[in-house]
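Trainee: So you can see what is in the structure, the chains are spelled out below.
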Amino acid sequence: MIRAVHILLLTVTSLLAAASAFGGEEIVVYSARGEQLIKPIFDAYTKETGVKITFATDKEGALLQRLKAEGANTPADMLITVDAGNLWQAEREGLLRPIASATLRANIPAHLRDRENQWFGLSVRARTIVYNTQRVRPGELNSYEDLGGPKWKGRLCLRTSKKVYNQSLVAMMIAEHGAAEAERIVRAWVGNLATDVFPDDTKLIEAVAAGQCDVGIVNSYYYGRLIEKNPALPARLFWANQKNKGVHVNISGAGVTRYARHPEAAVKLLEWLSTPKAQNLFADVNLEFPVNPRVPPHPSVAAWGDFKQNLIHVEMAGELQADAVKLMDRAGYK
Amino acid sequence: MAGSRLDGLRAAATAIALLVAIPVAVVFSSWLAPATDIWRHFAAYVLGDLLRNTFWLALGVCLGTLLVGVSLAWLTTMCEFPGRRVFAWALMLPLALPTYVLAFVSRGLFDYTGPVQTALRSWSGAADLWFPRIQSTGGVITVLTLALYPYVYLITRNAFRTQGVRMMEVAQSLGHGHVSGFFRVALPMARPWIAGGLALVLMETLADFGAVAIFNYDTFTTAIYKAWYSLFSLPAAAQLASMLLLIVLALVLTEAVLRPRRRYHTARPGAPGRRIVLSRRLAAFAFFYCAAILALAFVLPMGQLLLWAYEVLPHDLDGRYLDFLGHTLTLALAAAALTAAAALILVYAVRHNSGGAMRAVTRIATLGYAVPGAVLAVGIFIPVAWLDNQLILMARGLFARDAGLLIQGTILIMLLAYVSRFLAVAHNPIEAAMHRVAPHIDEAARGLGLGRLATVWRVHLPMLRGGLFTAVILVFVEVMKEMPITLMLRPFGWDTLAVRIFEMTSEGEWRRAALPAVALVLAGLIPIALLLRRADKT
Numbered sequence: 001m002i003r004a005v006h007i008l009l010l011t012v013t014s015l016l017a018a019a020s021a022f023g024g025e026e027i028v029v030y031s032a033r034g035e036q037l038i039k040p041i042f043d044a045y046t047k048e049t050g051v052k053i054t055f056a057t058d059k060e061g062a063l064l065q066r067l068k069a070e071g072a073n074t075p076a077d078m079l080i081t082v083d084a085g086n087l088w089q090a091e092r093e094g095l096l097r098p099i100a101s102a103t104l105r106a107n108i109p110a111h112l113r114d115r116e117n118q119w120f121g122l123s124v125r126a127r128t129i130v131y132n133t134q135r136v137r138p139g140e141l142n143s144y145e146d147l148g149g150p151k152w153k154g155r156l157c158l159r160t161s162k163k164v165y166n167q168s169l170v171a172m173m174i175a176e177h178g179a180a181e182a183e184r185i186v187r188a189w190v191g192n193l194a195t196d197v198f199p200d201d202t203k204l205i206e207a208v209a210a211g212q213c214d215v216g217i218v219n220s221y222y223y224g225r226l227i228e229k230n231p232a233l234p235a236r237l238f239w240a241n242q243k244n245k246g247v248h249v250n251i252s253g254a255g256v257t258r259y260a261r262h263p264e265a266a267v268k269l270l271e272w273l274s275t276p277k278a279q280n281l282f283a284d285v286n287l288e289f290p291v292n293p294r295v296p297p298h299p300s301v302a303a304w305g306d307f308k309q310n311l312i313h314v315e316m317a318g319e320l321q322a323d324a325v326k327l328m329d330r331a332g333y334k
Numbered sequence: 001m002a003g004s005r006l007d008g009l010r011a012a013a014t015a016i017a018l019l020v021a022i023p024v025a026v027v028f029s030s031w032l033a034p035a036t037d038i039w040r041h042f043a044a045y046v047l048g049d050l051l052r053n054t055f056w057l058a059l060g061v062c063l064g065t066l067l068v069g070v071s072l073a074w075l076t077t078m079c080e081f082p083g084r085r086v087f088a089w090a091l092m093l094p095l096a097l098p099t100y101v102l103a104f105v106s107r108g109l110f111d112y113t114g115p116v117q118t119a120l121r122s123w124s125g126a127a128d129l130w131f132p133r134i135q136s137t138g139g140v141i142t143v144l145t146l147a148l149y150p151y152v153y154l155i156t157r158n159a160f161r162t163q164g165v166r167m168m169e170v171a172q173s174l175g176h177g178h179v180s181g182f183f184r185v186a187l188p189m190a191r192p193w194i195a196g197g198l199a200l201v202l203m204e205t206l207a208d209f210g211a212v213a214i215f216n217y218d219t220f221t222t223a224i225y226k227a228w229y230s231l232f233s234l235p236a237a238a239q240l241a242s243m244l245l246l247i248v249l250a251l252v253l254t255e256a257v258l259r260p261r262r263r264y265h266t267a268r269p270g271a272p273g274r275r276i277v278l279s280r281r282l283a284a285f286a287f288f289y290c291a292a293i294l295a296l297a298f299v300l301p302m303g304q305l306l307l308w309a310y311e312v313l314p315h316d317l318d319g320r321y322l323d324f325l326g327h328t329l330t331l332a333l334a335a336a337a338l339t340a341a342a343a344l345i346l347v348y349a350v351r352h353n354s355g356g357a358m359r360a361v362t363r364i365a366t367l368g369y370a371v372p373g374a375v376l377a378v379g380i381f382i383p384v385a386w387l388d389n390q391l392i393l394m395a396r397g398l399f400a401r402d403a404g405l406l407i408q409g410t411i412l413i414m415l416l417a418y419v420s421r422f423l424a425v426a427h428n429p430i431e432a433a434m435h436r437v438a439p440h441i442d443e444a445a446r447g448l449g450l451g452r453l454a455t456v457w458r459v460h461l462p463m464l465r466g467g468l469f470t471a472v473i474l475v476f477v478e479v480m481k482e483m484p485i486t487l488m489l490r491p492f493g494w495d496t497l498a499v500r501i502f503e504m505t506s507e508g509e510w511r512r513a514a515l516p517a518v519a520l521v522l523a524g525l526i527p528i529a530l531l532l533r534r535a536d537k538t
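Protein chains in written order, with full-length UniProt numbering: chain B, 1 to 334; chain D, 1 to 538.
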C-alpha cells in the first residue's frame, strides 16, 4: 500500500516536473481588479510580445492570504489591487520585492509609488464631491472639510465607512490635520447626513440627482458610468480642495511578488503598463485617470476639467487605515 | 462480518468528520495569535450594536421563515386549491437567487431613487412622500426571509408528505378539527424537519455578509470583515468567526436537548389519502398568499434581472458563457452527489452508534456552514497550501528539481472544500428523513432474509428518497452560488457563473452582473423544478 502511494507520487511529481520544464514565457498574475478591467490589456500585451499571461481574480484579503500560505512556491509573479492600502499591507507582510527600474520611476509620480520600490500605481482613482445642479451652485462648494459646515445640515450623503475609499480619504485627513481635527470633521459630516449611509457610490450619485440629498463624496468613474448612460442627469462633479492641497486620490496598482518565478518578465510587463499606450488602455476601460502625467485621460473624462491632486504619499492610506477605521467607529460613521 | 462492517461505517464517518473539521480547526487556531488591541476597540465602539442587530436579525428571519416556510409547505402538500401544483415547485425557485442579488434588487426597486417611489412621487406631486424605509431592520429581515424560506419549505414538505394525509384523517377521527389537528398532531410530528430547516436558515443568516452589507446593517459578520479587510487582522476575524460557531453550536444543541424524546416514524409513510379541499374563500386566500410570496421573492427580482441582462446582452454575452455554464454545472453536480453521500454515511453512523461520541463528531463536521464563506475559504486554503509545500519539498528531495503545485487548483480539492462548507445542508434533510425509518423495520427486513446492505438499498433508500433529493438539490444550488471558495481554489481560467457575478459586483457593475445571475437561475433551477414536479406527481 505504502509502496503504491510512493510510486503514484513519483509518477505524478515527475510528470509535473517535466511539464513545468516546457512551454514558452508566461506570467502569472493575482488580481483584485476585475477580469473585465484587465483582460483587454493583457490580451494587447500578449499580442505585442507573445508573452502569455495567466491570472486569477479574487478579493485583496483572500489574495494576500493565498500568497502568504503558498510562500516560496507561489505560482504568482504579480499582484494587482485597486487600492494602495492593500499593496502597503502586502509589502509589510514581505510578499513583494523591490524593483530597480528607471522606466517606472520616470513614468510614475513619486507620491503614487512605494518609496522602497515594491509597488507602483497604474491608474489614479479620484474621490471628490458630487452635487445636484438644481439645488447647489458650484460656488457654494469648497472642500471635504467644508461639508461638515452648518450650511450642509441635512443635505449630505455619504457612502458607508466600510469601503476602503472612505477609509483612505479619512486616513489622508488624519495625515493632514491630525487625528483630533479629523475626528471633529467626520463627526460634523455624520451630523449633516440627509439619510443613512449608502452601500455604493452609484446609489449615492442617483440619490443626489433625485434630490434625496444635495452633495456627496464619490469616485469619479462611478459618475462617469452614470453620465455616459444619461447625460441629462442633474448631477456634476466638483473638484474638491483646489484652494488648498487638492483632490484626494488613490491608486489601482501592482507589485512583483517576492517569490516570482519569472521576475524579469513581470518587471517588463509592469514597465509596459506604465507606458502611454498601455496607460490609456488600463485607465480608460474604467474611466479612471492615467498615472503617467504625460498621458491625457479619455476625452469624456477630460471633459470634467483639470484638477490639482493631493500630493501626499498614497502609502499613508495603508499606514493610517486602521486609525481611520477606528476613528470613524468612534465618530458614529457607520 | 456485520460487526466489521459497522466498524467500517464508524471509521468512514470519523474520517469524513475529521477531514471537514480541519478548516473549522484552523479558524479556532486563530486564538494562538492575540488581537487584544482590536478586541478592546470593538468592545468599546462596535460590539454592542452588532450583537443587538444580530440578535434581532436572527430572531426575525427565523420567525419569518418558520411562518412562511411551514405555511407554504402545509398548503402545497395537504390542501387542494387552484394553482397548488404549480406553486408546489415554483415556490422553491427563490433558492436560485443568491441572497445578495435579491437584496440589491429589492433596494433598487423600493429605494427613494427606485422606480416605485419615483413613480409615487411624480404621481402624487409630493417631493417627500412617506414610504416604509427599506434600509431598516424590518427591510433586511423581510429580504432575508424571502430569500431563505425555501430551506424550511422544502424540508418541511418532506415531513408533511411522509406523514400522509391519513394522519390528519386519524386526528379528525379522534375529534381534532383541521386547525387543532395541525397544531397538535401534524406540527409536532414535523419538528425534526422544521428544526433542521431552521438551523440552516440560522447559520446562513449569521454567516451572511452580502445582503447585510447592501442594507448597511451591521451584524457580527460586519465585524469579522472589518477586522480582516479594514484592520488587516485575519486572526481577530477568525476569532470572531469562532465565537459565531460556538453560538450556533449552543443553539443547535439546545434544540436537540429540548426536543421531546418521541418517535417520528409512521406505519405507512406517504400513504395516499385525500387532500383537504379548501372552501372558496380559503382557496382564494391560499392562492393569493402563495402568489404574493412568489412574486416578491422571485418574479419581481427576476423581472428586474432580466431587464438588466437584456441591456448588456449584446455586449457581454460571448462563447465563454458555455464554459462558465459547464464548469458551474459540473462542480455543482459532483459536489451535490459527494456531499449527500458523505452526509448519508454520517447519518447511518449515528443511527448505528447511539452513543454521544458519534453525535458530537457529526455536530462538529456540520459547522462549516456557520462560518462566513471567505473565512472558511482561508481555513481550507492554508492546509491545502501546506500539503502542497510538503509535496514540493518531497519532489525536490527525490528529483532535485522543482515541481509545481500539485493538489491546489485541482477539482478534487474544490469538491472536498464544498463538502466541508455544505455538509450541514445535506445532513439536515437526510437526518430528518431518517426519523421516519422505524428501527423495527431493520429487524423485519432481516427476518425476511435481507442483508444489511440490501436493507439499506431496498428498504431505507426508498423511504429516504425525499430527504436525499432535497439534500442534493440544496447543495447543488448552494455550490452554484458559492463565491469565496470557488474564487480561491479554482484552477486558472476555470471561471464559473458565480465568478462572473463577483467580477462585476466587485467593481459596482450590478447591471452587468445580471447576465450571469440570470444564467445561473435558468441553468440551475429550471431543470430541477421540472424534476421536482415529476417527483411530486408520482
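If you are wondering where the hints come from, they were derived from the structure by calculation, not from laboratory data.
C-beta: ideal position from N, C-alpha, C; glycine also.
Please note that the accuracy of each hint is not assured.
Unchecked claim - Per label pair, the in silico range of CB-to-CB distance:
no., chain 1, residue 1, chain 2, residue 2, range
1, B, G191, D, R85, 52 to 60 Å
2, B, A180, D, A292, 34 to 42 Å
3, D, A33, B, G191, 36 to 44 Å
4, B, A180, D, A33, 48 to 56 Å
5, B, T275, D, V299, 48 to 56 Å
6, D, A292, B, G191, 38 to 46 Å
7, D, L453, B, K39, 46 to 54 Å
8, D, L129, B, H177, 37 to 45 Å
9, B, K39, D, A337, 27 to 35 Å
10, B, P234, D, T254, 39 to 47 Å
11, B, G178, D, V257, 52 to 60 Å
12, B, G94, D, L453, 53 to 61 Å
13, B, A180, D, A357, 54 to 62 Å
14, B, P40, D, L322, 19 to 27 Å
As the list claims (entries may be wrong) - List time: in silico SDA-like cross-link candidates among lysine to any residue, alpha-carbon distance up to 25 Å:
no., chain 1, residue 1, chain 2, residue 2
15, B, K334, D, G508
16, B, K68, B, P276
17, B, K243, B, K334
18, B, K229, D, L109
19, B, K163, D, P188
As the list claims (entries may be wrong) - Looking from chain D toward chain B, a few residues come up when the C-beta cut is under 10 Å (computed):
no., residue
20, F110
21, D111
22, S136
23, F381
24, R490
Trainee: Look at each hint and say if it fits the structure.
Mentor: Hints, verified against the model:
1. B:G191 with D:R85: 52 to 60 Å: 57 Å, holds
2. B:A180 with D:A292: 34 to 42 Å: 53 Å, violated
3. D:A33 with B:G191: 36 to 44 Å: Holds, at about 38 Å.
4. B:A180 with D:A33: 48 to 56 Å: 31 Å, violated
5. B:T275 with D:V299: 48 to 56 Å: 51 Å, holds
6. D:A292 with B:G191: 38 to 46 Å: This hint holds: roughly 41 Å between Cβ atoms.
7. D:L453 with B:K39: 46 to 54 Å: 52 Å, holds
8. D:L129 with B:H177: 37 to 45 Å: Since D:L129 and B:H177 have Cβ atoms about 40 Å apart, the given range 37 to 45 Å holds.
9. B:K39 with D:A337: 27 to 35 Å: 33 Å, holds
10. B:P234 with D:T254: 39 to 47 Å: Distance hint for B:P234, D:T254 is violated at roughly 55 Å.
11. B:G178 with D:V257: 52 to 60 Å: 55 Å, holds
12. B:G94 with D:L453: 53 to 61 Å: This hint holds: roughly 55 Å between Cβ atoms.
13. B:A180 with D:A357: 54 to 62 Å: Cβ of B:A180 to Cβ of D:A357: about 58 Å, so the range 54 to 62 Å holds.
14. B:P40 with D:L322: 19 to 27 Å: 21 Å, holds
15. B:K334 with D:G508: 20 Å, holds
16. B:K68 with B:P276: Violated, because 33 Å separates the two Cα atoms, which is more than 25 Å.
17. B:K243 with B:K334: 29 Å, violated
18. B:K229 with D:L109: 19 Å, holds
19. B:K163 with D:P188: 47 Å, violated
20. F110: At about 12 Å, which exceeds the 10 Å cut-off, the nearest Cβ of chain B leaves the hint on D:F110 violated.
21. D111: Holds. Min distance 7 Å.
22. S136: Holds. Min distance 9 Å.
23. F381: 6 Å, holds
24. R490: 7 Å, holds
The structure shown violates the earlier hints numbered 2, 4, 10, 16, 17, 19 and 20.
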